[in-house]
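Student: For reference, the chains in residue letters:
Protein chains: 2
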Amino acid sequence: MKRYRNRRIWDFEHELKMVDRDDDDVKKVILGIDGGTAHTVCICMPFIPFTHHLPDPLPVLARTVAGCSNHNSVGETAARESLEQVMADALARSRSTRSSVEAVCLSVSGVNHPTDQHRILNWLREIFASDVRLFVENDAVAALASGTMGKLHGCVLIAGTGTIAYGFTEDGRQARAAGAGPVLGDWGSGYGIAAQALTAVIRAHDGRGPLTTLTNSILDTLKLSSPDQLIGWTYADPSWARIAELLPVVVSCADAMDPVAIDILYNSVHELASSVKAVVERLELCGEDGKDEFPLVMVGSVLEANKRWDIGNQVMSCISKDFPGVLPIRPKVEPAVGAALLAWNFLIKHSHQEAMGS
Amino acid sequence: MKRYRNRRIWDFEHELKMVDRDDDDVKKVILGIDGGTAHTVCICMPFIPFTHHLPDPLPVLARTVAGCSNHNSVGETAARESLEQVMADALARSRSTRSSVEAVCLSVSGVNHPTDQHRILNWLREIFASDVRLFVENDAVAALASGTMGKLHGCVLIAGTGTIAYGFTEDGRQARAAGAGPVLGDWGSGYGIAAQALTAVIRAHDGRGPLTTLTNSILDTLKLSSPDQLIGWTYADPSWARIAELLPVVVSCADAMDPVAIDILYNSVHELASSVKAVVERLELCGEDGKDEFPLVMVGSVLEANKRWDIGNQVMSCISKDFPGVLPIRPKVEPAVGAALLAWNFLIKHSHQEAMGS
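Line order of the protein sequences matches chains A and B. Terminal number for the first sequence in UniProt numbering: 358, no gaps in between. Terminal number for the second sequence in UniProt numbering: 358, no gaps in between.
Here chain A stands alone, though its shape is the one from the complex (with noise of 0.2 Å):
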C-alpha cells in the first residue's frame, strides 16, 4: 500500500465519500500544477474525452495556490507539503477525490535531469494510485504548451528573471537553449538587462563608459544618492529577481533614446533570439528549407515589457528574418493550465499507443 505522509490534508475525502457514496457517476478530472519559486498553482480540469474536441473557454473546475514548490529554494519537506497541499484543495473545491483523478502534470522550475524527474515522480507516487497517469516536466514545457493547447511541437522562449529556449518537434525530440543562470551566461534575461544597466552606471561613474540617464533614474528608484552605494545595495541582497526589478528603469531611458541603455535591449534581443535560432536549428523546426512553419510561444515580463521600446517584437522580427514561417503566440491561459493540457495530450498519445499496440 502506498504511504500517505500527511493523512489529514486527505481528511475531505472521506467526508465526500460518505455524502456521494450513492453517485456511481463519478467525474474523472487533471490536475496541472505550475511550480515556481514564488508560489504553486493548481489547476482542476474534468477529463475531456478524445473523441472531443476542446472546448473554448476551457472548463476550470478549481484554480488553488500555495506557497514556493521549489526544493531548491524552501527544502524537500516544504515544497513536498505546498505541492500535495495545493492538489488537496483543487480536489476538494471540485467535489473529487483522488480516485477520480486520470492524470496529474507537475511543471516545476529546477527539472535538467532525469534525476530530477525521477525524485519528483516518487513523491507523486506516494501521494496518488498506481493507475494514475503521473508526468513531471520542466516549467518550459508547460509554458509551451499554454501557448499550444498542449501539443508539443514548436519552441517556448521565457524571459523573466531569468531565460530559457526549450522546443519539440512532432515526433517527439527536444532541446533547449540558455536556462542556466546569469554566471552561465543568460544575459538576454531581465537580470542581464539590469546587471548590464548597473555595470553602465558604475563605468560612467569611474570614467570607463559613457554618460547615461540610467545613473539618475536607476538612483531615483532606488532612493539612492550616489553609484558609490550601488555597491552596498547589490552586496545587501544579490537575488537575481530583486535586480531584474530594474527592467522597467531601463526600457523607460530606452524609450527616452538614452544610447546606452538601446545598446543593451538590443544585446538583450541579440541573446534572446540567438537561443530561439540554436533549438530551431537543432531541431530543424523550420523545416530543410528553412521556411516551414512552427509556433514559437513567448513568455515573461521582459517580452511583455511593451512600452515604445517592445523587447519581444523585436526578439520576433530578429526571429523571423531567418525563419519566415515562425508563427507567434502570446498564451491565453496559464503555465499550470498548459500543464492540464499537457496532461490530457499525453493521455491521448499513450491511448494511440496502446491501440496501435493492441
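To be clear, the hints were calculated from the coordinates, so they are not data collected in a lab. Note that beta-carbon positions come from the ideal geometry of N, C-alpha and C, so glycine has one too. One or more of the hints may lead you astray.
Stated by the list, open to error - Each pair of labels, with its calculated beta carbon distance range:
no.	chain 1	residue 1	chain 2	residue 2	range
1	B	Met257	A	Arg330	28 to 34 Å
2	B	Tyr266	A	Glu354	54 to 60 Å
3	A	Arg125	B	Leu224	35 to 41 Å
4	A	His113	B	Arg173	22 to 28 Å
Unchecked claim - Computed list of chain B residues with no C-beta within reach of chain A, every gap over 12 Å:
no.	residue
5	Arg8
6	His14
7	Leu230
To be verified - Computed, partial: chain A to chain B, Cβ under 8 Å:
no.	residue
8	Ala178
9	Ala180
10	Ile243
11	Ser274
12	Ala278
Put chain B on the given structure of chain A with help from the hints.
Tutor: Structure of chain B alone, referenced to chain A:
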C-alpha cells in the same frame, strides 16, 4: 580609561613589564595589518626615525597570522577578535607592549566609505591609548604602498578573484575604478574570466557559440562528464573564489591557441587596462602632456598567471601605449609590510604638517 574587551589577550604585557622594568630604552614600533577574507597578517616593524632612509631589507620584528577579519564574512565579534589577537601576538613576539606602539595601519577589504573607516577606527581606539596614531584604509592602498615603499603616489591594479584600480596623486587626491563585484561589472577579474569561459562552454553546447577546447579542459578539471552538469556545479556554490579557480585552465587553453579562450583573455586585458586608464586620467597622473612618469603596482593571481599568455604583460603594453611614462612595479614585499610602510609615511607627513603649523 579605555575599555579592554578581552584582557587575556593582553596578559603578556604585565609579564613583560615585570621583566623589562629596568629597561628605560623602550623601542618604538609600528604595526601593519593586511586584513583579507582568507586570513589576517600583522607585521611589527621598529619605528625608523624620519631622518633615516629605509634599510634594505626592511627590519621585521615579528610576523603573525590570524583568521579572517572581514566582518562581512565572519561577523563583527569574530573579526574584532582576529584583529586583536594578531596584533597582540605580533607585539608579544617582538617583546613589545601597546605602550611602545607609535602607529597602526590596518588595510582591509570592504572599506568603501568613511563610515566603514570610522567603525573600524573605533574598534582600534578601544585597544590603543589616544596618542597612538591609527589609520584604516582599503586593502588596495596597502597594495600600492607595498610597491612604492609606503609612498602614496601612482596607481595600483589588483586582479585576483575580483579587481580594482586605485590611484593617488602626490598632493593626496585619490580615485578608484571597478572593485564593485561582478554584478557591477568587474569583468577583467579571475571570476570574470572564469565565468566567461563557463558561458562559452554552455554556448557551444547549446549551439549558440563556437566549439572550444575550454569544454573538455573545464569538464576534466571539474571531473564532470557533460556541460549540462555545469548548471548543478555552479548552483551548488556560486562563490566567486571557487569559480575564479578555473583561471589557469583558461590561460592553458589560450596557450594552446584556442580562439575562444584568447578572446576572453584579450577582453580581460581590455577591461583591466580601462580601469587603470580611468584612474590615471581622472588624477592626471601622466601629467598634462601625457608623458609624466608614474608607478603602476600590479598585484594578484590574474596578473601573475604568466605562462606563455601573460595577462599582466599584455595589460602593461596596452597601458604604455597611452601613457609612455608608466613604470610597472611587481611588489617585493607583502601588503602587511605595505601597511606598516604606509603608517610610517603618514607619521612623516603629520610631523611635517606639525612642524609647518608650529
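Student: How about Ile243 (chain A): closest beta carbon in chain B under 8 Å, or not?
Tutor: With a minimum Cβ separation of about 7 Å from chain B (threshold 8 Å), the hint on Ile243 (chain A) holds.
Student: Classify the hint on Ala178 (chain A) as holds or violated, based on whether any CB of chain B lies nearer than 8 Å to its CB.
Tutor: Check passed: Cβ of Ala178 (chain A) comes within 7 Å of chain B, closer than 8 Å.
Student: When the nearest CB of chain B is found for Ser274 (chain A), is that gap smaller than 8 Å?
Tutor: 5 Å, holds
Student: Regarding the hint that Ala278 (chain A) lies at the interface with chain B, is the smallest CB-CB distance below 8 Å?
Tutor: 4 Å, holds
Student: Just checking, Leu230 (chain B) versus chain A, shortest CB gap more than 12 Å?
Tutor: Violated, because the least Cβ-Cβ distance between Leu230 (chain B) and chain A comes to about 6 Å, which does not exceed 12 Å.
Student: Using the C-beta atoms of Tyr266 (chain B) and Glu354 (chain A), is the stated range 54 to 60 Å upheld?
Tutor: 59 Å, holds
Student: Against chain B, with CB atoms and a cut of 8 Å, does the hint on Ala180 (chain A) hold up?
Tutor: 5 Å, holds
Student: Evaluate the given range 35 to 41 Å for the C-beta pair formed by Arg125 (chain A) and Leu224 (chain B).
Tutor: 30 Å, violated
Student: Does the Cβ-Cβ separation between Met257 (chain B) and Arg330 (chain A) fall within 28 to 34 Å?
Tutor: Roughly 46 Å apart at Cβ, these two residues miss the hinted range, so it is violated.
Student: Examine each Cβ of chain A, and state whether all of them lie more than 12 Å from the Cβ of Arg8 (chain B).
Tutor: 34 Å, holds
Student: For His113 (chain A) and Arg173 (chain B), compare the CB-CB distance with the range 22 to 28 Å and indicate the outcome.
Tutor: With Cβ atoms ~55 Å apart, the hint is violated.
Student: His14 (chain B) clear of chain A by more than 12 Å, beta carbon to beta carbon?
Tutor: 42 Å, holds
Of the numbered hints listed earlier, those contradicted by the structure are 1, 3, 4 and 7.
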